[in-house]
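Student: Protein sequences, first through last, are from chains A and B. Once you know that position 171 of the first sequence is 170 in numbering that gives the first Met the number 0, the rest is easy, because the numbers rise by one and skip nothing. Once you know that position 251 of the second sequence is 250 in numbering that gives the first Met the number 0, the rest is easy, because the numbers rise by one and skip nothing.
These are computed hints drawn from the structure, not numbers from a lab. Where a beta carbon is used, it is the ideal one built from N, C-alpha and C, also for glycine. Be a bit skeptical, because a hint or two may be false.
From the structure, some residues in chain A lie toward chain B, with a derived Cβ separation under 7 Å [unchecked claim]:
| no. | residue |
| --- | --- |
| 1 | Gln-29 |
| 2 | Asp-33 |
| 3 | His-87 |
| 4 | Phe-118 |
| 5 | Leu-136 |
Protein chains: 2
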Amino acid sequence: MVQVEGILAAVKAEAAKIDAYMRADLSRLQATTDALLLEVLDYGLFNGGKRVRPLLVVLSARLCGHSGDDAYTLGCAFEYLHAATLFHDDIIDHSATRRGKPSVCRQFGTVAAILAGDFLHALAMSTVGRLAGDKGLKIFCDATTGMVDGEFMQLRNAENHKLSEQQYYDAITMKTGLLIAAACEVGAIYGGGTDPQVKALRDYGVHLGYAFQIIDDLLDYLGNPGRTGKMVGNDLVEGKMTLPLILALNQAEPREKERLLTILGAGGEERAACVGETAALIESAGGFRGARAQAVAAVESGIAALQVFSSGSTYERNVLEGLARYVLTRDK
Amino acid sequence: MVQVEGILAAVKAEAAKIDAYMRADLSRLQATTDALLLEVLDYGLFNGGKRVRPLLVVLSARLCGHSGDDAYTLGCAFEYLHAATLFHDDIIDHSATRRGKPSVCRQFGTVAAILAGDFLHALAMSTVGRLAGDKGLKIFCDATTGMVDGEFMQLRNAENHKLSEQQYYDAITMKTGLLIAAACEVGAIYGGGTDPQVKALRDYGVHLGYAFQIIDDLLDYLGNPGRTGKMVGNDLVEGKMTLPLILALNQAEPREKERLLTILGAGGEERAACVGETAALIESAGGFRGARAQAVAAVESGIAALQVFSSGSTYERNVLEGLARYVLTRDK
């Protein structure tokens, strides 16, 4: 297994290459595109993102035997769609900041954020259609419509204190998992993977998405705001039911369960005052341990899926394995 | 030439067929899509639109020799993209109504309007990629990015009282023309048209787009609010430079020109009080006549482009010709 430092170095080098491809795209657009639009795109795209989705595209393509540079162009499309989603999400969630600087909608206004997102959408779809064909485009577009559907589901799930584990998994699949899985699957298709290889990479992506989102939800209660850049307990304040809380409600003693439900039934401001108490209740009911165990299991399932690649491309497989394990250690 | 009544009957019958295809799409989505999202889509899509873009797709495909029903499916994709644009535009322009009922953003909120637009975007792109291939998808996506670019250009052009005719044409091409031309071009490609046929239909679409937008701009000053559903002089109040005004500024006597510039230099409220006076100044400087003459010339150019279809498919060619002439007579 490649060590964590090795993984991070590999990821960093690839991310730099992806950034270079995106910069080249923007340069090409310069002659024909409005200067303000370009400024918005530049601001929104180059914000220190880790480029996980493009990286998954490139590694999946290579693992299936394709090493052409177009894989980077295809990877960029996934970053464009991801960025478009963030531009629009920040409007929807009234988020003032993103990675420590003003969000696109805060910096340039709602109009620019909507339009720049639409622009990236179309740019992304066009690229995927060109490089990954009908089949790749359908997966990509299904991931997009699924993400939208997931946002509506989230609106509906808010304040549903009876959310089941299954509903939680459905929601995180749509929110995060679909695009991550699509990056792996489309990369594999582009790379000429066999059906079992494509399926394996999709499975890997689905489980990586689970782990990623569960850790995110754990960090919301347990993270260091100095590292995450987010307030502790945001999800609770917003009435969002995440896995640690769902597990705690399922496993808590009657009195603790009742107390948790009372807190959830209170207004956002009152809940904000109870973040510490809620975290203690989740901890004592085993909600954090249980959620973490599920994240670990997801990572193991994802890694197990890669076993079809028994020979060759050991490097790419190692990086994908390392990336999955790294998700469990992240603190921001 | 098919008479206007015949054209309208043909258009109406085709629009009903397109509506049926869209309803079938929504039915198919029902099992897997959030109920509120479906409600938003239903509300926003079935609002009495004339389905001009899908109609152009279907007629162009048929004119090039293809009569399969998939042309309707492809046509729907253009209506989806058009609707997505309107959902987002109504947020951007703070429009409370659309075709006499509350706009999507007013009825369901900004969040739903952004997300439903994104959903339709992806649905449209996926369909076009599947049915019209890489080449069709690129044209479709270029039209989309061009429309966004045009919105930015419009932001920049606002209150630019020196806007030239050329800049006006560039702006309306991006705002309206690209998607109309794309409907014709992609329909022709899907229909298996030869290169000259594809080019002819694109040219037709470009000129139809010009005529459509110029008439729109004339109706803004000269329309009957009871028919158009819009206040007279909106464009002036918003400081939007349209062709009648641009021509008037170019052709007016110095004193009249100065007066027009004074009105333009005033605030929106003051301009609102001067709509009648401005219309009279445009009229006396020949701005309306000149703009109308350009719309007529655009229609004639569009019709002339169809001459490559010298034999066969007379019906489709007649409807396209009639549609172009009809644009000149519309009063809403």
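Student: Interface hint check: Leu-136 of chain A, Cβ to nearest Cβ on chain B, cutoff 7 Å. Holds or violated?
Tutor: 4 Å, holds
Student: Under 7 Å is the threshold here; is the Cβ of Phe-118 of chain A close enough to any Cβ of chain B for the hint to stand?
Tutor: This interface hint holds because 4 Å falls under the 7 Å limit.
Student: Could you check if Asp-33 of chain A really has its C-beta closer than 7 Å to a C-beta on chain B?
Tutor: With a minimum Cβ separation of about 4 Å from chain B (threshold 7 Å), the hint on Asp-33 of chain A holds.
Student: Hint validation: His-87 of chain A versus chain B, beta carbon distance must be below 7 Å. Holds or violated?
Tutor: Hint on His-87 of chain A: holds, closest Cβ of chain B at ~5 Å, below 7 Å.
Student: Holds or violated: the hint that Gln-29 of chain A contacts chain B, with Cβ atoms closer than 7 Å.
Tutor: Violated: closest Cβ of chain B sits about 12 Å from Gln-29 of chain A, beyond 7 Å.
Violated hints amount to a single one, hint 1; each of the other numbered hints is respected by the structure.
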